[in-house]
Amino acid sequence: MEATYLSKFMQSLGDAAYTKLRKIADERDITVQELIRAIVIPDWLKIVEKHDGGESQSERHRKRSS
Numbered sequence: 002m003e004a005t006y007l008s009k010f011m012q013s014l015g016d017a018a019y020t021k022l023r024k025i026a027d028e029r030d031i032t033v034q035e036l037i038r039a040i041v042i043p044d045w046l047k048i049v050e051k052h053d054g055g056e057s058q059s060e061r062h063r064k065r066s067s
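Position in the sequence shown (first residue = 1) + 1 = our numbering.
Calculated from the structure, these hints are not laboratory results. A portion of the hints provided could be inaccurate.
Keeping only pairs whose Cα atoms sit at most 25 Å apart, straight-line, the calculated BS3-like set for lysine-lysine is [claimed, not checked]:
(1) K47 <-> K24
(2) K47 <-> K21
(3) K47 <-> K9
(4) K9 <-> K21
Ranges of calculated distance between the beta carbons of each label pair, as one might list FRET restraints [stated by the list, open to error]:
(5) E50 <-> G15: 24 to 32 Å
(6) E3 <-> D27: 21 to 29 Å
(7) P43 <-> Y6: 14 to 22 Å
(8) V49 <-> A17: 28 to 36 Å
(9) Y19 <-> P43: 13 to 21 Å
(10) P43 <-> K21: 13 to 21 Å
(11) I40 <-> L7: 12 to 20 Å
(12) Y19 <-> L46: 36 to 44 Å
(13) A4 <-> R38: 18 to 26 Å
(14) I48 <-> Y6: 33 to 41 Å
(15) K9 <-> V49: 29 to 37 Å
Source: prediction; values computed, not measured. Where is the CB? At the ideal position from N, CA and C, for every residue including glycine.
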């Protein structure tokens, strides 16, 4: 069985952004962390993939640099 590695990161939010996320999370009866992990990040990744055809930022950077 292949091991799964998880990366951790810390995110700081301004009061206005946190308040908006807290309201959305409360409406769904979940925590802000769950909202970010289960909804915000996957939705953002889908949008980015549609916008750039799935090309990662580092791939785009390499193309511009060469």
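Hint-by-hint comparison with the structure:
1. K47 <-> K24: Between K47 and K24 the Cα gap is close to 23 Å, so the pair holds against 25 Å.
2. K47 <-> K21: holds, 21 Å
3. K47 <-> K9: It holds: about 21 Å lies between the C-alpha atoms, which stays within 25 Å.
4. K9 <-> K21: Given pair K9, K21 holds - Cα atoms ~23 Å apart, limit 25 Å.
5. E50 <-> G15: 24 to 32 Å: At roughly 27 Å between Cβ atoms, G15 and E50 fall inside 24 to 32 Å, so the hint holds.
6. E3 <-> D27: 21 to 29 Å: For E3 and D27 the Cβ distance comes to about 38 Å; the hint is violated.
7. P43 <-> Y6: 14 to 22 Å: holds, 19 Å
8. V49 <-> A17: 28 to 36 Å: violated, 23 Å
9. Y19 <-> P43: 13 to 21 Å: For P43 against Y19, whose Cβ atoms are near 20 Å apart, the range 13 to 21 Å holds.
10. P43 <-> K21: 13 to 21 Å: holds, 18 Å
11. I40 <-> L7: 12 to 20 Å: About 18 Å separates the Cβ atoms of I40 and L7, which means 12 to 20 Å holds.
12. Y19 <-> L46: 36 to 44 Å: For L46 against Y19, whose Cβ atoms are near 21 Å apart, the range 36 to 44 Å is violated.
13. A4 <-> R38: 18 to 26 Å: holds, 21 Å
14. I48 <-> Y6: 33 to 41 Å: Distance hint for I48, Y6 is violated at roughly 25 Å.
15. K9 <-> V49: 29 to 37 Å: Since the Cβ atoms of K9 and V49 sit about 21 Å apart, the hinted range of 29 to 37 Å is violated.
In the structure shown, a violation is registered for the earlier hints numbered 6, 8, 12, 14, 15, in ascending order.
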